[in-house]
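Visitor: Now for the letters of each chain:
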Amino acid sequence: GAGVSQSPSNKVTEKGKDVELRCDPISGHTALYWYRQSLGQGLEFLIYFQGNSAPDKSGLPSDRFSAERTGGSVSTLTIQRTQQEDSAVYLCASSRDRGTEAFFGQGTRLTVV
Amino acid sequence: KQEVTQIPAALSVPEGENLVLNCSFTDSAIYNLQWFRQDPGKGLTSLLLIQSSQREQTSGRLNASLDKSSGRSTLYIAASQPGDSATYLCAVGGFIRSGNTGKLIFGQGTTLQVKP
Chain A
-14 GAGVSQSPSN
-4 KVTEKGKDVE
6 LRCDPISGHT
16 ALYWYRQSLG
26 QGLEFLIYFQ
36 GNSAPDKSGL
46 PSDRFSAERT
56 GGSVSTLTIQ
66 RTQQEDSAVY
76 LCASSRDRGT
86 EAFFGQGTRL
96 TVV
Chain B
2 KQEVTQIPAA
12 LSVPEGENLV
22 LNCSFTDSAI
32 YNLQWFRQDP
42 GKGLTSLLLI
52 QSSQREQTSG
62 RLNASLDKSS
72 GRSTLYIAAS
82 QPGDSATYLC
92 AVGGFIRSGN
102 TGKLIFGQGT
112 TLQVKP
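Protein chains in written order, with my numbering: chain A, -14 to 98; chain B, 2 to 117.
Bear in mind the hints are in silico, worked out from the structure with no lab data behind them. Watch out, some of these pointers could steer you wrong.
[What the hints assert, rightly or not] Away from chain B, derived, C-beta distances all over 10 Å, residues of chain A: (1) SER(-8); (2) SER12; (3) GLU53; (4) ALA78; (5) ARG83.
[To be verified] Here are the computed lysine-lysine pairs in the DSS-like style, where the Cα-Cα straight-line distance is at most 27 Å: (6) A:LYS42 / B:LYS116; (7) B:LYS43 / A:LYS42; (8) B:LYS2 / A:LYS0; (9) A:LYS(-4) / B:LYS43.
All of these numbers come straight from a predicted model, not from anything done at the bench. Glycine included, every Cβ here is placed at the ideal spot set by N, Cα and C.
Sequences are here, hints too, so could you generate the full structure?
Guide: Structure follows, in structure tokens:
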């Protein structure tokens, strides 16, 4: 596609429910990143995929968070048993390769009530 | 651990002024540095990417410089306009010492307001 696409754009969920956030990167981009931005805060790194290498999961805040990238393209970030502190904007980005320009999607705003 | 700092946190200038935003990082062994713009409630828009072998990049009224050895980058905005009002974020990418990851580490951003 023309840009990085994220869905849904907004998600309201009840505490304790599981949610899945989707990211469609730019076609042909081998690198994919997930970040979280809480209200008024900077970007917190979550996870990074690069081609067929093992992902860098060092930013995932707890074992309730997981992500996968199928076929080297679409990625899904899953949050199990959501908590109110999970409320944030989740941003996805992709780049053609490591060390090249990264392009961000518009984000998914997650609200846990 | 790489840390990225942006100064100032907020800046307000009258239209037409030239201005400089600062970014510093603690580990100089990086692949690149990228500047982004974020408008309220929006995603990030890439402005400029500087590879580690480069010293500066220019796009229109924007000029970004990189001094790896001192761990600094600046974003220069010439003849500022109200439409430049946004939060500007710098991010350093890829850590050569670790040998693998290309993840971006972000600063907290500088919120710029350009008054008409």
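Visitor: Hints first: check each against the structure and report whether it holds.
Guide: Hint-by-hint comparison with the structure:
1. SER(-8): Given that every Cβ of chain B is farther than 10 Å from that of SER(-8) (chain A), nearest at about 13 Å, it holds.
2. SER12: Non-interface label on SER12 (chain A) holds, nearest chain B Cβ at 17 Å vs cutoff 10 Å.
3. GLU53: The claim holds: GLU53 (chain A) sits with its nearest Cβ about 17 Å from chain B, beyond 10 Å.
4. ALA78: Its Cβ does come within 10 Å of chain B, the nearest being 8 Å, so this is violated.
5. ARG83: Since the minimum Cβ distance to chain B is about 3 Å, ARG83 (chain A) lies within 10 Å and the statement is violated.
6. A:LYS42 / B:LYS116: It is violated: about 42 Å lies between the C-alpha atoms, which goes past 27 Å.
7. B:LYS43 / A:LYS42: 25 Å, holds
8. B:LYS2 / A:LYS0: 33 Å, violated
9. A:LYS(-4) / B:LYS43: 16 Å, holds
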